[in-house]
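Chemist: Sequence:
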Amino acid sequence: MESQDCLNSTRDMFTEDEQQQIVRETFQQGGTLIGGSDFKLIYRHYATLYFVFCVDSSESELGILDLIQVFVETLDRCFENVCELDMIFHVNKVHNILNEIVMGGMVLETNMNEILLRVQEQDKIEKQEAGITAAPARAVSAVKNMNIPQQIKDLKLPDLPSKIAAFKNPF
Numbered sequence: 001m002e003s004q005d006c007l008n009s010t011r012d013m014f015t016e017d018e019q020q021q022i023v024r025e026t027f028q029q030g031g032t033l034i035g036g037s038d039f040k041l042i043y044r045h046y047a048t049l050y051f052v053f054c055v056d057s058s059e060s061e062l063g064i065l066d067l068i069q070v071f072v073e074t075l076d077r078c079f080e081n082v083c084e085l086d087m088i089f090h091v092n093k094v095h096n097i098l099n100e101i102v103m104g105g106m107v108l109e110t111n112m113n114e115i116l117l118r119v120q121e122q123d124k125i126e127k128q129e130a131g132i133t134a135a136p137a138r139a140v141s142a143v144k145n146m147n148i149p150q151q152i153k154d155l156k157l158p159d160l161p162s163k164i165a166a167f168k169n170p171f
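The sequence shown maps to residues 1 to 171 in UniProt numbering.
Rather than coming from a laboratory, the hints here were simulated on the basis of the structure. Where hints are given, some of them may not hold.
The list that follows gives simulated cross-link-like pairs (lysine to aspartate or glutamate, EDC-like), each with its CA atoms no further than 16 Å apart [to be verified]:
no., residue 1, residue 2
1, K40, E73
2, K93, E121
3, K40, D56
4, K93, D66
5, K93, E73
6, K93, E59
Predicted model, so just to flag it, every value in this text is computed and none were measured.
Could you build all of it, start to finish, from the sequences and the hints given here?
Modeler: Given below as structure tokens:
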């Protein structure tokens with residue numbers, strides 16, 4: 001059975017070939033603790049999903065298993081019983097959740113309520129930004145659809161969304 005990773009956050013630690021080799025070896029050996037002298041893979045299986053963490057050989061296995069548990073429970077609360085499709089279609093949100101828990105190899109937060117609060121704040125900001133970037137297109141559309149004389153309607157208005165595509169929001 002061929003496995004594929006839906007979420008990979010190795011951050012250039014391993015080449016693509018090394019990553020694929022590690023994943024293949026993990027599923028061939030079948031244990032929850034696999035590794036060499038420099039690293040070890042610790043994973044947990046939930047329903048149809050495998051969550052694999054590649055960590056330094058000095059890391060605590062139980063600590064990482066607990067960290068995986070926090071990650072999965074947080075995903076469950078965000079997606080109401082997380083499944084592979086959630087991981088595929090909401091990969092950015094999954095990365096945001098993981099980055100709230102671990103960044104640069106350091107555990108930042110394990111309190112699910114705090115993690116969920118930060119993720120909700122991020123969602124709110126993304127929705128606000130989506131509204132800001134869509135506003136010029138809505139304005140052009142509104143002007144074009146107004147009940148005004150045909151001569152004014154025939155004016156060639158620029159396609160603002162393409163003009164502001166490079167615009168960076170200063171907020």
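Chemist: With reference to the structure, classify each hint as holding or not holding.
Modeler: Structure-based check of each hint:
1. At most 16 Å may separate the alpha-carbon atoms for a hinted pair to count; K40 and E73 exceed this at roughly 23 Å.
2. About 12 Å separates the Cα atoms of K93 and E121, which keeps this hinted pair within 16 Å; it holds.
3. About 6 Å separates the Cα atoms of K40 and D56, which keeps this hinted pair within 16 Å; it holds.
4. Under the criterion of a C-alpha separation no larger than 16 Å, the hint pairing K93 with D66 is inconsistent with the structure, at around 21 Å.
5. Proposed proximity of K93 and E73 is supported: the alpha carbons are some 14 Å apart, at most 16 Å.
6. Proximity of K93 to E59 is assessed by CA-CA distance (about 26 Å); at most 16 Å being required, the pair is judged violated.
Against the hints set out earlier in the document, violations occur for numbers 1, 4, 6.
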